Amino acid sequence: MIVLRRLATALPVIAGVIVVTFLLTRALPGDPAVYFAGPAATSQAIEEIRHRLGFDRTLPVQFLDYLQRLAHGDLGTSLTTGQPVTTELLTRLPASAELMLLALCLSIAIAVPLGIAAAMRPGSPVDHACRVVTTAGVSLPTFFTGLLLVYVFYYLLGVAPAPLGRLDVFDSAPPQHSGFYLIDSLLAGDFETFRAALGQLVLPAATMAIFTLAPLARITRAAMLGALGSEFIRTARASGLARHRIVFVYAFRNAVLPVITTLGMVFSFMLGANVLVEKVFAWPGLGSYAVEALIASDYAPVQGFVLMMALLYVLLNLVIDLVYGLVDPRVRLEA
Amino acid sequence: MTATLRHAGYVVRENPVTAFAFALFFLFALCAALGPVLAPYDPFASDTAEALTGPSAAHWFGTDQLGRDILSRIVVATRLDLGIAVTSVALAFGFGTLAGLGAGYYGGWIDGIVGRGVDTIMAFPLFVLAMGIVAALGNNVANIVYATAIINLPIYARLARAEANVRRSAGFVEAARLCGNSEARIVLGQLLPNIMPLMMVQVSLTLGYAILNAAGLSFIGLGVRPPTAEWGIMVAEGASFIVSGEWWVAFFPGIVLMAAVFCFNLMGDGLRDIVDPQRRT
Amino acid sequence: MRRRDFLKRTAAAAGTAATASYVFPARAQSHKDTLLTLSEGGPNNLDVMGVGTNRPGYEASWNTYDRLVTYGVKKDADGNDHYDSAKIAPELAESWDLGDMSVTFKLRKDAKFHDGTPVTAKDVKWSFDRAMTIGGAPTFQFAAGSMQKPEQFVTVDDYTFRIDFLRKDKLTMPDLTVPSAVVINSELAKKHATDKDPWAMDWLKNNEAGGGAFRVEKWTPGQELIYQRFDEWKSGPVPKIQRVIWRIVPSAGNRRALIERGDADISVDLPPKDVAEMANDKKLTVVGSLIESALIYLSMNVKIPPFDNVKVRQAVAYAIPYQKIMDAAMFGRGKPMFGSPGEVTTTEWPQPTPYVTDLAKAKQLLAEAGLPGGFETTLSFDLGYAVTQEPLCVLVQESLAQIGIKVTLNKVPGANWRAEFSKKTLPLLANVFGAWLDFPEYFFYWNYHGQNSLFNDMSYQNPAMDKLIDAARFETDPKKYDEEVEGFITIAFDDVPRIPLFQPWLDVAMQKNVTGYRYWFHRQLDYRQLAKT
Amino acid sequence: MMDTDNAVPLLAVEDLGIEFRTRSGTVRAVDGIRFELRRGETMALVGESGSGKSVTAYAIMGILDGAARITSGTIVFGGLELLQASERAIAEIRGRELAIIFQNPRTALNPIRPVGKQIADILLRHGNVTAAQAPSRAIEMLAKVRIPDPERRARSYPFELSGGMCQRVMIAMALACEPQLLIADEPTTGLDITTQAVIMDLIAELAASQKMATLLITHDLGLASEYCDHIAVMHAGHIVETAPTVALFAAPHHPYTAKLIAATPGGAPNLEALAAIPGALPDLRRVDLPLCRYSERCERAAPACLDRPLPRRAVGEGRGVACHFPL
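Residue numbers (our numbering), protein chains in the order written: chain A, 10 to 344; chain B, 6 to 286; chain C, -12 to 520; chain D, 2 to 328.
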């Protein structure tokens, strides 16, 4: 019920997203009709193909047409790979999702303890180090971090595998269940593949994690400072509760709320950085798909990608809202 | 005013990092202002005999594929990179703040429209939206500026809206209203100056993000035209040389790019300490 | 020589990686029968006749489908295999009888498609009819060999197939060797045809229905294509490689690293710089073949002033920094097409122009044209070829600035390039053109003829030129033919609407243990002769 | 009062000084205060906000925030010198022997933890009960502070309870381990008038039944006089006067106390006497703070007040005043 109500509030936003995406891609340069017509086509043939593709109709008609196809999950066909965009996006989604989730876990695993440590001793060297390190992380262009990591760990040290996507060329993907190689390989009991997949994931995930450390560490620090300075912590201290209980059960659980809210921004960062990171690591996910399509002015994938990313983001925000509700009884009861 | 200055002095003294950021900022500002004068070589002059030489006394940061001096190109690129960032943030600031003030002060349908627009922009992962906009509008600097402005707009609109909403019925606004000031005058003359300090903090932070964004766009090929020097595109060009060991082509522009963003972020933090000592985020 | 040091260090790193290799074992050695090839892009369609099939698509089709005939083989100057355009060789057809107005093919009786169905003449007929009917590139390609009507294709019996000629055309037989002339398993294809799609375009796009030496085991568009050898293949000696994994690696740097570290067997689409360095390094076999009938060039649109003035065009031709481009953009991987000492004395195409870098002369010509102060213009190029085109254009820009011509560079992305290009509104552009069929008049027909085809990006129209081209196309007298060809080449050089710069190389890097590489006019890999020792 | 048990005070604060270091200077929030509290006794620390009474309470509890520094003095509780004791030892005492309830009970409770659990946390910490017993003991405590339907309320979150209810929960938490001293820091601030009385009565009643000493921190002299045996008046970090309640009201010796009594509605004979105290607390960051911090507001001030050490004279049984010119 709560889910439905939240979904309803997201509807106008989704509508806005669809309209914006449509307008954006209708304005994309490049004429698919010319491409489809082939190198030796006459202008008449190009017109014919344009008519067949429906590009000669008025904008509102095209929009209705677009909506109709969208309702059937049809996002058009990619020129470069010749496949339906929807299929390709869906087959590539797990690759991006696995990467982003691992990056998120990595980022949280580093940023949250860092933020807590900084909040425990504001103004201390730990605090300053936390601030400088995270700020440096968010200042590094992800594509540069990625290149740097590849250069050092693959070209120079040879400890990382080639930046060639999800698995070594001679490894075959584990039987598909979730589409996440880490999970699928474990399900299949194939530890070799698990290790290989993890090896491929480490560098791109680290690249993304470095970029998203800052917002998480900062909000953790601020929220922890806020929580630690709040009156109920004073009460807890006055009640003689043990320090770890005060920090983790009392302060941290309250501080987690703003951290969850910030995840929205972190996801925005990630979905954007994803494009650049995937390009650097030849990751067969959504981002590299979009970049390749963009370079080729292949507009259907770009449109599909932007739309999918926006929908994904709306969905993630929805999930964040729901998780927030699970943690915070106040929200839960209001809804 | 002197109190603010004294407080600023205290913050800078207390926090050497902020002082460092301000110093770095002046260095970048200098490069932006005097770029071509400071550059040791003509940033566009090719010298194929000297192509792809590593850092040396003659070329501190080495040369690129066409033998152009990388240091000179980096120095000259400062104006463009900062220019893109400053212009786009100025646009975002201007339009975002006005829209936000309007929405917060008047409420009603203005608030509705602004809110819906902002929500829609925020529904996109920002970099992806910027990508889409530049791809759609065309591959040039002006469109990078617009795209960066659009994705930064919601931050200002939301901030301004929230502040205006809170202050709408504050004493000084009521007083101005009783004095017979027009509504627009109240918004611009009373509300705007009051929210300026907070906004300035945001400006510094978004400047850093704007630089990153523009560089990211040029990295994927949505950028400025060759042979223009721009940090992002220089990293992209250098990326292909890393494998053959010519690391300097990508490394130096990347490091400078990072330093610039770093500088703005630290400065934003410093400004926040000055403007809003309570919120220690 | 820091570069050498670095490569040594990488080698050392690869050596020390032995310690680290328990983490990421190098598995390449254990796959003697498997070939791993890398390229920048992958096929978008398994059907060579499909709409908008790209070059990698030709490679997929070339190795999975057979044609009636193919070209023989010869050795090039470096001792590498090179297709022989002078010799037509059997493929599905065991023999043929070339008559005056028809050709009759005898098909192999033992040839089978991958599903075991025997290959018969009706499959050939269906395939060629398909090429005739569906329009677009295949129809056009067949027409180039004067094959324009389905009635020309006759099934005599199951193993005899005849083509009737509309007119005698020396391109008819060569045209049957091109990738488009594939023979499709018609029974299989028809099962997947629908009323709306009688030629099974949709199905064949993602599924292969051939009888070639390899069959498609798995295709992940944009990522990889895995082939398995077809052991029943009869149209030639059974390939030595059992399995081919073709990986799409968009980043040139990664392709280079993979081949240098021994993770891949063959890498194509390498930037000239990498090729030059790897060739120097001698750790890999680097085969570079000049691409026939191909040119990297600058075109000036003669309909757009001031390029309507021949003196301006000549001035530009004299202001090109040819050698600099050769060094910094091409890294020597191209054959210079400038600085010929004298008159046109050969029909060889492409051949060098008389132009050299001479800024004084360029300035003088510009002054004679009434533009002593120069002018402003835009130089456009395709982002897809940016690796060489961008430095090339930057150097041209710099050099033209010295004679007062202010050039703005315009980087046009991929598919957009074709649209921009076809509008013929670009005043100055850099581009590459390569023809499948290696005849000067064929090249000129598409590029310089007043019919103003898509590839005549100069919008050049000259009746004298047209007359010579048209005459040469159907000329039977060799002497006259030479005169005609030399004639139109001379005009092209004097009028210089297009400035030839280089004839590009087709470069392929492979491990030392890979043998049997053969250059083909379509510039794609042929796996059938490849072997790993 | 002659009971041998009471010969040694339960709590003795001696010469306590507390400073806060801030960006704009050092605030000398508490300066040389002393007072004693015996078992079962109730005492009020009364003063304007900012006078240092809450800071004193926090110092006793050992929960001053990081910016605070204790510059002098001792706090002896039940024979233990709290300022010298280990953090461990103090943590043992806090919540068990020594408890506090705060103003604004709603924010003083953890907003996302059911109140029953918050009580149980304390019970568990101080080892009186097992994990299995804790919930029912918490419910018992809720019943003890007269919360209706305690089983259900134990599962409630603070935002679901009224302010009065929350303060009852606070009291239940404070009294869970039957402490010897309860500090009530403005316990009725933020509650409506009727609830205020109910809460104060509840505290008084439970304190009496448990023979617990109570230190009431309040700005409300009327409230203090109603519930406490003794009153200590604080001004700008100094205790200016201590006295038994009745004696204090009968004859205030410090000019500030007199003004305070005059400003308290219940104690004032008529409305005209309900005079506000002129001036404000001095800025405690000042370097040139006069030795008598009231001197700048005082009608009786003389030059001596500025630079002569404040006398702390005893003026009767359990009475003291810090003034050169007492009334």
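Treat the hints as calculated values from the structure; they're not laboratory data.
Misleading hints may appear alongside valid ones.
Okay, the calculated beta carbon distance ranges per label pair [what the hints assert, rightly or not]:
{"id": "1", "chain 1": "B", "residue 1": "R121", "chain 2": "A", "residue 2": "L335", "range": "25 to 35 Å"}
{"id": "2", "chain 1": "D", "residue 1": "Q134", "chain 2": "A", "residue 2": "A17", "range": "28 to 38 Å"}
{"id": "3", "chain 1": "D", "residue 1": "E179", "chain 2": "A", "residue 2": "A251", "range": "50 to 60 Å"}
{"id": "4", "chain 1": "A", "residue 1": "L335", "chain 2": "D", "residue 2": "Q134", "range": "41 to 51 Å"}
{"id": "5", "chain 1": "B", "residue 1": "R11", "chain 2": "A", "residue 2": "A17", "range": "30 to 40 Å"}
{"id": "6", "chain 1": "A", "residue 1": "G198", "chain 2": "C", "residue 2": "K74", "range": "53 to 63 Å"}
{"id": "7", "chain 1": "D", "residue 1": "Q134", "chain 2": "B", "residue 2": "R11", "range": "50 to 60 Å"}
{"id": "8", "chain 1": "A", "residue 1": "E56", "chain 2": "C", "residue 2": "P292", "range": "26 to 36 Å"}
{"id": "9", "chain 1": "B", "residue 1": "F31", "chain 2": "C", "residue 2": "D345", "range": "44 to 54 Å"}
{"id": "10", "chain 1": "D", "residue 1": "Q134", "chain 2": "A", "residue 2": "A251", "range": "46 to 56 Å"}
{"id": "11", "chain 1": "C", "residue 1": "K74", "chain 2": "A", "residue 2": "L99", "range": "48 to 58 Å"}
{"id": "12", "chain 1": "A", "residue 1": "L68", "chain 2": "B", "residue 2": "F100", "range": "20 to 30 Å"}
{"id": "13", "chain 1": "D", "residue 1": "Q134", "chain 2": "B", "residue 2": "R173", "range": "28 to 38 Å"}
Model, not experiment: these values are computed from the prediction.
Note that CB positions come from ideal geometry on N, CA and C, so glycine has one too.
For this structure, which hints from the list above don't hold up?
-> Going through the list in order, the structure violates hints 2, 3, 4, 5, 10 and 13 and respects the others.
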